[in-house]
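Trainee: Use the sequences and the hints to build the structure in full.
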Amino acid sequence: MIRWNADQTALRQGIGRWCEALSAGDIERDAEGVFPQDQWKLIQESGILGLPFDERWGGLGQSLLTTMYVLEELGRGCRDGGLNFSVATHMVSSGVPLQRFGSQELKQRYLPGICSGETIGAHAITETESGSDALAMRTTATREHDDFVLRGSKSFVSNGPVAGLFVVYARTHPDGGPFGITAFAVERDTPGLVIGEPVAKMGLRTSPLSELHFDDCRIPASAVIGRVGSGFLVLDHVMKWEILCSFIINTGQMRYRLDRCVEYAKERIQFGKPIGSYQSVSNKIVDMRIGLDTARKWLYDTAARLMDGENVTTDIAVSKLLASESNLASALAAVQIFGGSGYLTEYGLEKDLRDAVAGPIYSGTSEIQRNRIASMLGL
Amino acid sequence: MKHTDAVKQFIIDEFLPDVSVTELDSEYDLVHGGVIDSLGLLKTMAWLEDRFDLRADELDLDPNSFRSVDAISRFIEDAHRRRPESD
Ligand SMILES: Cc1cc2nc3c(=O)[nH]c(=O)nc-3n(C[C@H](O)[C@H](O)[C@H](O)COP(=O)(O)OP(=O)(O)OC[C@H]3O[C@@H](n4cnc5c(N)ncnc54)[C@H](O)[C@@H]3O)c2cc1C
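Residue numbers (my numbering), protein chains in the order written: chain C, 8 to 386; chain D, 154 to 240.
Keep in mind that the hints were calculated from the coordinates and are not lab data. Careful: at least some of the hints might be erroneous.
What follows is a list of derived Cβ distance ranges for each label pair [said to hold, decoys possible]:
1. C/Ser70 - D/Arg235: 17 to 25 Å
2. C/Ala31 - D/Asp231: 48 to 56 Å
3. C/Asp300 - D/Asp203: 23 to 31 Å
4. C/Ser137 - D/Phe205: 32 to 40 Å
5. D/Glu180 - C/Arg377: 31 to 39 Å
6. D/Glu180 - C/Thr149: 27 to 35 Å
7. D/Val172 - C/Gln286: 52 to 60 Å
Reference listing, derived: stretches of chain C covered by chain D, where coverage requires no fewer than 3 residues with Cβ under 8 Å from a Cβ of chain D [claimed, not checked]:
8. 178 to 192
9. 304 to 318
10. 360 to 373
All residues carry an ideal CB built from backbone N, CA and C; glycine is no exception.
Mentor: Here's what the structure looks like:
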């Protein structure tokens with residue numbers, strides 16, 4: 008078990024103080040489906056965006072574990088699930104690969120804006136023909152003298168409509184297998200980059216998502232993150248951070264939901280007794296608790312092992328599966344426990360459920376995580 | 154190179170069960186030949202970390218480090234050389 012120190016606890020309490028303001032109007036914003044610019048400014052002021060980045064770039068120089076501990080509190084306190092998702096996407100999509108693999112020049116150019124949140128980050132991997140099979144991507148980056156020229160399209164780019172910096176994964180070698188992909192830092196106003204309109208979706212509606220089109224989009228060779236051909240390894244590192252940071256937020260949401268369900272089950276009287284006294288209700292709440300504790304333990308344990316330099320290929324897949332599926336189960340149980348009220352928009356629980364459906368899809372679907380675990384078992 | 158046999162055996166056990174040790178040339182391009190795909194690369198990295206006690210964050214991002222049995226063996230030696238206390 009991790010024992011959090013006073014500094015870590017203070018950082019966590021620090022974000023807690025912003026959550027009421029961050030949550031205000033969340034249900035209305037979900038209905039409108041727009042990115043909450045005002046709340047993003049509060050997020051910037053809170054300092055949370057710089058947590059895991061070096062102090063010399065304006066970050067707070069905190070570890071992965073501390074970052075997760077603070078993000079968990081964001082999940083517990085901030086009811087705008089789309090905003091929370093945009094925060095995690097921003098941090099991991101661009102800042103994480105730049106800090107780990109970026110050249111000094113790229114770090115200097117982009118990390119200060121990423122740490123402050125002035126520049127919103129996004130990443131573009133998925134294409135219409137290649138989702139789970141991400142390495143089958145067709146967007147190409149062709150070397151021309153000192154530049155690379157991007158051609159192709161990306162879909163499902165979270166933060167796309169509002170991002171200032173995109174980490175774009177493109178093919179640099181036609182048959183290079185896992186070494187045929189390279190990661191590039193691409194600025195929003197680069198000629199030839201066309202950003203699509205926000206795409207309507209089931210949940211996470213305040214986190215806008217769009218397509219990107221690259222029409223002979225020329226970028227300097229210095230925009231390569233890592234080395235040419237190392238895109239898959241960059242992506243693997245990013246996905247570990249994405250899973251740990253994004254799903255620890257979910258565990259905060261599960262905690263909030265659990266507390267609410269316990270309270271409701273004690274208060275709501277039917278047939279002369281609190282509904283929590285009926286085992287079919289209390290068992291659902293117990294399962295919510297078990298799901299939460301299991302997901303949390305896996306996520307923190309995997310993060311600790313990653314920080315110790317251990318191989319966590321299997322653990323990451325297990326953590327992602329457990330956390331995303333437990334979050335979805337918890338969101339569904341909460342609606343059921345609240346009965347008809349759970350189905351009403353004003354209670355905020357149906358929104359949580361719509362948000363949670365995305366978890367087993369993004370960052371590698373549940374099926375793909377199972378495939379990974381099977382492969383690591385030698386199957 | 155001192156790790157060539159171990160690397161070759163791993164590649165055969167994991168990816169080429171029908172090939173014998175003598176049949177696999179240690180310069181054969183494992184990527185171009187489709188032997189190591191993305192999951193295979195993750196598996197190889199996991200094995201390198203466990204077997205040779207390499208920290209994941211020490212692993213070089215150079216794609217060429219994983220192209221052949223020889224390249225992987227060289228990579229292990231380089232990683233150990235950079236960390237003399239572990240040898
Ligand atoms: C809310 C949200 C945000 C996203 N944000 C981003 C982003 O910021 N950037 C980005 O690049 N992408 C993003 N994505 C895209 C996401 O990564 C893909 O949707 C995901 O990888 C699945 O790809 P797909 O949708 O093409 O489904 P497909 O790959 O077509 O899969 C369809 C179904 O088939 C199953 N399947 C596929 N292959 C196998 C197999 N080998 N074995 C078993 N089952 C299989 C899948 O599990 C799934 O159930 C986002 C998606 C969502 C929903």
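Trainee: Is the gap between the beta carbons of C/Ser137 and D/Phe205 within 32 to 40 Å?
Mentor: Distance hint for C/Ser137, D/Phe205 holds at roughly 33 Å.
Trainee: Do three or more residues from the region 178 to 192 of chain C put their C-beta atoms closer than 8 Å to C-beta atoms of chain D?
Mentor: holds (count 5)
Trainee: Given a hint of 27 to 35 Å, does the C-beta separation of D/Glu180 and C/Thr149 actually sit inside it?
Mentor: holds (29 Å)
Trainee: Given the range 52 to 60 Å, decide if the beta-carbon distance of D/Val172 to C/Gln286 lies inside it.
Mentor: holds (58 Å)
Trainee: How about the region 304 to 318 of chain C: do at least three of its residues have a C-beta closer than 8 Å to a C-beta of chain D?
Mentor: holds (count 4)
Trainee: Using C-beta distances, would you say chain D covers the region 360 to 373 of chain C, given that this needs three or more residues below 8 Å?
Mentor: violated (count 0)
Trainee: Given a hinted range of 23 to 31 Å, is it respected by the beta-carbon distance of C/Asp300 and D/Asp203?
Mentor: Holds: the Cβ-Cβ distance is about 29 Å, inside 23 to 31 Å.
Trainee: Does the Cβ pair C/Ser70, D/Arg235 satisfy 17 to 25 Å?
Mentor: Since C/Ser70 and D/Arg235 have Cβ atoms about 24 Å apart, the given range 17 to 25 Å holds.
Trainee: Do D/Glu180 and C/Arg377 keep their Cβ atoms within the hinted range of 31 to 39 Å?
Mentor: For C/Arg377 against D/Glu180, whose Cβ atoms are near 36 Å apart, the range 31 to 39 Å holds.
Trainee: State, for the Cβ atoms of C/Ala31 and D/Asp231, whether the hinted interval 48 to 56 Å holds or is violated.
Mentor: holds (55 Å)
Violation of the numbered hints given earlier is confined to hint 10; every other hint is satisfied by the structure.
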